[in-house]
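Chain A is already provided as a structure; the job is to place chain B on it using the hints.
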Amino acid sequence: MTSCAAETEVRYTGWLRDHRGILLKVARSFAAGAADQDELYQEMMLQLWRSLPRFQGQAKASTWIYRVCLNTAQTWRRTEQRRSYLAGPLPAEPACERPTPGAVQEQTETIAALYAAIRSLPAADRSLVLLLLDGLSYREISEITGLTENHVGVALTRARKKLADLMKEVRHEL
Amino acid sequence: MSFEQLQEMWARQPVGEVRQANDAALLEKVKSDAEEFDRVIARRDRREIIAGWFLTICYAIPLRHATGPSWAYWASFVPLLGLTLGFMWLRWYIQQKRRDFGTSLTGELNWSIYHTALQIRLLVHVAWWYLLPIIIAAFLHATYRHGLLTPADWWVGGITLLSCAIVYWFNQRVVRTKLTPQLEKLVAIRQEWNTLSRE
Chain A
1 MTSCAAETEV RYTGWLRDHR GILLKVARSF AAGAADQDEL YQEMMLQLWR
51 SLPRFQGQAK ASTWIYRVCL NTAQTWRRTE QRRSYLAGPL PAEPACERPT
101 PGAVQEQTET IAALYAAIRS LPAADRSLVL LLLDGLSYRE ISEITGLTEN
151 HVGVALTRAR KKLADLMKEV RHEL
Chain B
1 MSFEQLQEMW ARQPVGEVRQ ANDAALLEKV KSDAEEFDRV IARRDRREII
51 AGWFLTICYA IPLRHATGPS WAYWASFVPL LGLTLGFMWL RWYIQQKRRD
101 FGTSLTGELN WSIYHTALQI RLLVHVAWWY LLPIIIAAFL HATYRHGLLT
151 PADWWVGGIT LLSCAIVYWF NQRVVRTKLT PQLEKLVAIR QEWNTLSRE
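Line by line, the protein sequences give chains A and B.
For reference, each letter of the first sequence is one residue, going 1 to 174 in the working numbering.
For reference, each letter of the second sequence is one residue, going 1 to 199 in the working numbering.
Because the hints were derived from the structure by calculation, they are not lab data.
Just to be clear, a hint being listed does not mean it is correct.
Unchecked claim - Keeping only pairs whose Cα atoms sit at most 27 Å apart, straight-line, the calculated BS3-like set for lysine-lysine is: (1) A:K25 <-> B:K97; (2) A:K161 <-> B:K185; (3) B:K185 <-> A:K25; (4) B:K31 <-> A:K25; (5) B:K185 <-> A:K162; (6) A:K161 <-> A:K25; (7) A:K60 <-> B:K178; (8) B:K31 <-> B:K178; (9) B:K97 <-> A:K60.
Stated by the list, open to error - Selected chain A positions facing chain B (Cβ under 8 Å, derived; list incomplete): (10) V10; (11) Y12; (12) H19; (13) G21; (14) M45; (15) L70; (16) N71; (17) Q74; (18) Q107; (19) A123; (20) A124; (21) I144; (22) L147; (23) E149.
The beta-carbon is built from N, C-alpha and C at its ideal position, and this holds for glycine as well.
Just chain A, with the same shape it has in the complex (with noise of 0.2 Å):
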């Protein structure tokens, strides 16, 4: 193996586990049901891998890894043929694990309450939201998306309101 191909291997391995919520918390904005956001995870683990020849190290690892992922979750379409890498599902989310007691609970209800109310965003605010519940700067965001600095404020300011109504729609129907 060349020096090189060992370089791009080791990156790939580290990107996945440094940023492996990154992954998972996209997959989880972007399509409902485990088996597709198993499925989801996988194709934007593929797409990371072929990204690694175009990466040139002017972005943070984060930067570029959101961008790749967050491109391949808002084109991605369910197939029929599933791939497999993993040996088991994904994580549920929180709300579908082992009910818990008391503000445990709530927060795992509070959770799975914002990644549905995520997902009926449009796909443009998905990602904007996703970002900016992230921690991510409107600097930061800006890098990723491609929009000015005052468009990202804009947007979001009207896609914060938006998840807040979807919010307590969300919470009342659970």
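Here is chain B on its own, set in the frame of chain A:
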């Protein structure tokens, strides 16, 4: 609940560890899938280029010993040569063009739309740039080599035309069932992003 509280809760959510056999096996599977995809694309491009050169040479060899006007000799295989070179140029052009779109989400989206629309244009007009040169070359080859069309040439011509019709039908089906829905979906997503930019 405020957005800040939601954000705090979001940060604390258990993302969990994906249950996987091991990282090495996972990597091998991803690599082999990616390589298989690249192999399919490379095989298709290689096949087109080799077929073009092969036909060009096949047409050129017997015509070198034929008597007649030189323009007919050249004209019979120039369409094939042009097709092959055009195909190679297109591959190079697409690779160069991709750089103009950048790597941001909207850049990638615009690139996907451009690329899909280009593929649709190419396939919709496949009869003109792909099939017609082959038919012209075959026709010129047959008439110039024998001086007139023999019964065998009619058979070969008929099979060539039938093959071209199948290739044409197959390409239009791909446009209808795969590429056009894909383009519509991409355009709808871009519309969403454009709406965000305008507000």
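Structure-based check of all given hints:
1. This hinted pair does not check out: A:K25 and B:K97 have alpha carbons roughly 32 Å apart, beyond 27 Å.
2. For a cut-off of 27 Å, the pair hint linking A:K161 to B:K185 stands: about 26 Å separates their Cα positions.
3. The straight-line distance between the Cα atoms of B:K185 and A:K25 is roughly 23 Å, inside the 27 Å bound, and the hint therefore holds.
4. Proximity of B:K31 to A:K25 is assessed by CA-CA distance (about 23 Å); at most 27 Å being required, the pair is judged to hold.
5. A C-alpha spacing of about 23 Å is found between B:K185 and A:K162, which places the hinted pair at or below 27 Å, so the restraint holds.
6. A distance of roughly 21 Å separates the Cα atoms of A:K161 and A:K25; the hinted pair therefore holds under the 27 Å criterion.
7. Taking the CA atoms of A:K60 and B:K178, the gap is about 35 Å. The hint is violated against a cut of 27 Å.
8. Taken as a hint, the B:K31 and B:K178 pair is honoured in the structure, with Cα atoms around 26 Å apart against an allowance of 27 Å.
9. Straight-line distance between C-alpha atoms of B:K97 and A:K60 comes to about 24 Å, which keeps the hinted pair within the 27 Å bound.
10. Evaluation of the A:V10 hint against chain B yields a violated restraint, the C-beta minimum of about 10 Å exceeding 8 Å.
11. Because the beta carbon of A:Y12 sits about 7 Å from the nearest beta carbon in chain B, less than 8 Å, this interface hint is met.
12. With 8 Å as the threshold, the beta carbon of A:H19 stays out of range of chain B, its nearest partner Cβ sitting at about 10 Å, so the hint is violated.
13. At a threshold of 8 Å, the smallest CB-CB gap from A:G21 to chain B is about 4 Å, leaving the interface hint in force.
14. A least Cβ separation of about 6 Å between A:M45 and chain B falls short of the 8 Å threshold, and the interface hint therefore holds.
15. For the restraint placing A:L70 at the interface with chain B, the shortest Cβ-Cβ distance is roughly 6 Å, inside the 8 Å limit, so the hint holds.
16. Using the Cβ-Cβ criterion of 8 Å, the hint placing A:N71 at the interface with chain B is satisfied: the shortest such distance is roughly 5 Å.
17. Contact between A:Q74 and chain B, as hinted, is supported at the beta carbon level, the nearest pair being about 6 Å apart and thus within 8 Å.
18. Among the interface hints, the one on A:Q107 holds; its C-beta lies about 6 Å from the nearest C-beta in chain B, closer than the 8 Å criterion.
19. Checking A:A123 against chain B by beta carbon gives a least distance of about 5 Å; that is within 8 Å, so the hint holds.
20. Taking 8 Å as the C-beta contact cut-off toward chain B, the hint placing A:A124 at the interface holds, the least distance being around 4 Å.
21. Using the Cβ-Cβ criterion of 8 Å, the hint placing A:I144 at the interface with chain B is satisfied: the shortest such distance is roughly 6 Å.
22. Against a cut-off of 8 Å between C-beta atoms, the interface hint on A:L147 holds, since the closest Cβ of chain B lies about 6 Å away.
23. The interface hint given for A:E149 is broken, as the beta carbon of that residue sits about 12 Å from the closest beta carbon of chain B, more than 8 Å.
Hint check: violations occur at hints 1, 7, 10, 12, 23; the rest are consistent with the structure.
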